[in-house]
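Residue numbers (numbering that gives the first Met the number 0), protein chains in the order written: chain A, 0 to 436; chain B, 0 to 304.
These aren't lab readings, by the way, just hints derived from the structure by calculation. Where is the CB? At the ideal position from N, CA and C, for every residue including glycine. Heads up, some of the hints might be wrong.
Here chain A is said to cover these stretches of chain B; the calculated rule only asks that three of the stretch's residues, wherever they fall, bring their Cβ under 8 Å from a Cβ of chain A [said to hold, decoys possible]:
| no. | stretch |
| --- | --- |
| 1 | 40 to 51 |
| 2 | 100 to 113 |
| 3 | 291 to 302 |
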Amino acid sequence: MKTVLSLIKRDYILYWHDKPAVSLTFLVPIVLIYLFGSIFGGSNNTPTGIKLAFINNSDSKIAKKLESVLDTTKAFRLVKNYTDDKGNTVAFDTNSVKDYVKKGNAIAALVLPKDAFTDTSTSFRIKFYYDPKNEMEMQVVEGLLQQTIMSQMPNVFMASMQHKAETYLGMDKGMSFNRKIASLVSEYYGIDTAKILKWTTYNFSDSAMSDTSKSKANFFSDLLQLDKEQVVGKEINNPNATRSVGGWAMMFLLFALTGSSTSLFDDNKSGVILRILSAPVSRVHILWSKYLYNISLGCIQLAVLFLAGSVFFGVDIFSNVFNLILIIIAAAAASTAFGMLLASISKTAAQANGLGTFLILTMSAVGGAWFPTFILPPFVQVFSKFTIVYWSMEGFLDVLWRGANTAEILPYVGILLGIAAVVNVFSVWRFKKGNLF
Amino acid sequence: MIEIKSITKRFPSITALDNVSLHIKEKEFFGLLGPNGAGKSTLMNLLIGYLDADEGEIFVDKEKVTRSSLNVRKKIGLVPQSIALYDDVSAYENLQIFGSLYGIKKNLLRAVIAENLNRVQLYERRKEIVKNFSGGMKRRLNIAASLLHNPKVLLCDEPTVGVDPQSRNAIFDYLLKLNEEGKTIIYTTHYMEEAERLCSRLAIIDFGKIISAGSVSELLKLLPYEQTILISKNKATAGKLDLFKLFGTLINEQENYELKPDSGIKLSGFFKALEDNNIDYGSIDINRPTLEALFLHLTGRRLRD
Ligand SMILES: Nc1ncnc2c1ncn2[C@@H]1O[C@H](COP(=O)(O)OP(=O)(O)O)[C@@H](O)[C@H]1O
Ligand SMILES: [Mg+2]
């Protein structure tokens, strides 16, 4: 045991002197976790300040309301005039606004036409001018616009509905339908029937909609509000960031442990293994030290990377820390087995690292380190279950998302340790047959 | 001290050692001279228990050496043929790492490392990483790393490869000193000069077989002549090669010709021929024959090609 400890200590000394290895184990994955966590799950993931050219040709109050809503939302920045050749500031017209977009000065132009919303409109009309090269951005803009209208001015839809009723049912029937609805709303929500019936003549301000009891006032504004609520486990701050943390951590764990295992080749080549074995040290000592060193390094790496996730994105690693440690140990053990397998079946370090890189990238993609496996084609998902990455990710996410208890993660721990055991038996057999040392 | 009994070691493609038997006495400086691929390193690896023999046995200090006998290795130090050190850590840390494998207590290890670094003149540079060392320094550290546990037997596998003459001499002196202090040393080389200078006894090995063993003078008696004649390459001698060939075998060396007298040739006859042909005695040097000549005599080949 003392010999094994000396060998492990040796590995840590060497590791510490190998700055590229240290940065590949910790620094690079931390940077990647930060970047990808920010993109996919960062706390502030709605874009802000998207520049839109804007013309409002409509007199309707609802169009005015939209304009003021868009003026105040952080998502958009409306540009209503431009500077002409002579340096004068000129308000947009339909031609100049098109030109403005064509020149790439704004992603799109948003035009509220004269008839955007009249007394008889059955829908609210908006016109976009955009450049097809901004297709992607347009999707974001459309989504944001819909979201803004839905959440900020739901009464548009009430008004449209009333107009629709009057158009399609005929004036009489439609009005009677609207009156009935209005009295129902009024009865239950205590809003003045007259106000409900006369949308278009009203100033569409929030106070108009909530002039009675506050608790009921949200009838309209809640109408289209999207309230997301998690259905599983505890509140987690940042589910996507959690996946990024776990995924990158797994990938770099595999890289680190493959690198560490293939150092056996360097030791063999330099004659260091011969020197070590000329001391009272057996090959079994070397193998044990390598396994234990790799597992311990793996655990440290995963712990540090999850800690980084917790610092950057508030991933909660502490409330279920015991089970997290269990799954970390299992993942490190399985990844160690993977690295040692590569060393045992390869003839050179370069071969092992090449094969390793290929397998690690494949396993990471297929196993869910980069994105959830459900977006993969079904036949690929079958392969997911054969990867260490998959079972580790499932384990991490169960612990961190669902607050799984020990019994619940036992299957993952069992599968990972099982993989480790089987692979280790095979690679030890290969080591005995080969002449790596 | 060291008994090598009928050792045969086969690799898939070659029999590296073929029925090798040697007996090496305590405090001997024993040389193993042979060309590349002769099986020297293989024998070293068997002596330290890195490899197991297919046939035969090895005993060091009466203990059998095998891959699984860990204890006997405390009595042996191996200086590997390659520089078996970690490039990216300091000289001191290297010795710390390898010393710790012998279970030497921390305080003692510190003292032992300092002493061994001093003896190879590397103490001042102990904190530098090995990568920045010169070839000679690395070789010296390679030796120091094998002596931390103060072994009775030191196996040196070509410990001076790639070293400048000055460092080489320093290494020779150090090894001779260690031998004087009581260490039994086995030294492999393909330089006959090294073997002649260092070894009290040596074995010549070729293609995995010991072709002869003994002290240098014993070995040289195997030659049919007692002197070789070195002839400088110059204008006077260049045209007279046929004349020289009358007296023996002429070998074209780099700086001179070496003449191996046939048996029965008298030196007086040779000098008379020189006078008759007006060749200056200054071009002629009479020498004791070398192990190189012996190797050639025994195998028909040169030690180095
Ligand atoms: N591990 C090995 N596998 C196969 N062949 C080997 C191995 N080690 C040495 N040999 C072969 O055995 C022969 C003796 O090698 P070696 O002992 O290294 O010679 P030397 O040290 O005298 O130069 C060589 O032909 C070499 O190629
Ligand atoms: Mg050799």
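Comparing the hints with the structure gives:
1. 40 to 51: holds (count 4)
2. 100 to 113: With 3 residues in contact (Cβ-Cβ under 8 Å with chain A), the coverage given for the stretch 100 to 113 of chain B holds.
3. 291 to 302: violated (count 0)
The structure does not agree with numbered hint 3 stated previously, though it agrees with all others.
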